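> Just so you know, the protein sequences line up as chains A and B, in that order. 1 is the number of the first residue of the first sequence in our numbering; add one for each residue after it. 1 is the number of the first residue of the second sequence in our numbering; add one for each residue after it.
Derived from the structure by calculation, the hints contain no laboratory data. In this text the structure is predicted, and so the values were computed from the model without any measurement. For glycine and all other residues, C-beta sits at the position ideal for the given N, C-alpha and C. The reader is advised that the hints may include incorrect statements.
[Claimed, not checked] Straight line, CA to CA, 30 Å or less: simulated DSS-like cross-link-like pairs of lysine-lysine:
1) B:Lys57 / A:Lys50
2) A:Lys68 / B:Lys9
3) A:Lys37 / B:Lys44
4) A:Lys106 / A:Lys67
5) A:Lys67 / B:Lys9
6) A:Lys106 / A:Lys59
7) A:Lys106 / A:Lys26
8) A:Lys59 / B:Lys44
9) B:Lys57 / A:Lys26
10) A:Lys68 / B:Lys14
11) A:Lys50 / A:Lys67
12) B:Lys9 / A:Lys37
[As the list claims (entries may be wrong)] Covered stretches of chain B, going by a simulated chain A footprint (3 or more residues, C-beta under 8 Å):
13) 37-44
14) 48-59
15) 102-112
[What the hints assert, rightly or not] In silico negatives: residues of chain B with every beta carbon more than 10 Å from chain A:
16) Leu13
17) Gly16
18) Gln17
19) Ser18
20) Met19
21) Gln22
22) Asp26
23) Asn28
24) Gly63
25) Ser67
26) Thr70
27) Asp73
28) Arg77
29) Pro83
30) Ser84
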Amino acid sequence: QQPVQSPQAVILREGEDAVINCSSSKALYSVHWYRQKHGEAPVFLMILLKGGEQKGHEKISASFNEKKQQSSLYLTASQLSYSGTYFCGTEGSPSGGGADGLTFGKGTHLIIQP
Amino acid sequence: NAGVTQTPKFRILKIGQSMTLQCTQDMNHNYMYWYRQDPGMGLKLIYYSVGAGITDKGEVPNGYNVSRSTTEDFPLRLELAAPSQTSVYFCASSFTGGIGYTFGSGTRLTVV
């Protein structure tokens with residue numbers, strides 16, 4: 001079942017913070033986060049495995065609450081280069097690397113204005 | 001390294017025609033995937049493969065076929081193209097161990 005992302009879209013000024021949420025009705029083993037710019041391929045940001053860990057990547061970090069079957073992506077002090085569509089991809093089986101394929105949300109459009 | 005290479009980048013097909021979308025990766029990844037992306041719908045899994053000679057259906061396999069004769073190549077075959085297959089198709093590959101997918105640049109297919 002497709003995870004639900006919120007918000008669908010967000011417009012920020014450069015330097016502001018954003019949170020993007022990903023919720024699933026199924027038990028999750030891992031959550032992937034990707035960013036896609038218009039007309040380009042999705043680019044991997046990070047993966048969170050079952051265990052409630054939090055990861056960071058430059059000024060972008062994420063958390064995974066397996067009990068709530070939710071993940072959140074945090075973008076702090078946003079830069080113009082952060083603009084794009086963010087997708088979460090979820091995995092329900094314990095292969096750990098999305099071997100059986102990820103189920104992606106519909107995406108969150110992030111626009112950063114100067 | 002080239003990563004994941006998809007060809008062609010663009011294609012227009014007439015209803016009922018067939019074609020093969022090519023996908024090649026040079027990273028020695030075991031796992032390969034085909035997704036389609038329609039506006040506002042995210043990415044939907046068509047087929048995937050966990051190794052040479054092994055393929056399995058994803059969420060939306062109808063109208064498509066795949067083969068995996070080598071680790072490097074994972075072509076997607078469209079038989080009897082229909083307007084509903086108008087989409088952007090992405091091939092991706094991965095290792096196990098949680099380093100994420102590497103996507104190709106996509107093929108934009110229009111069926112008229």
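> Which numbered hints does this structure break?
2, 5 and 10
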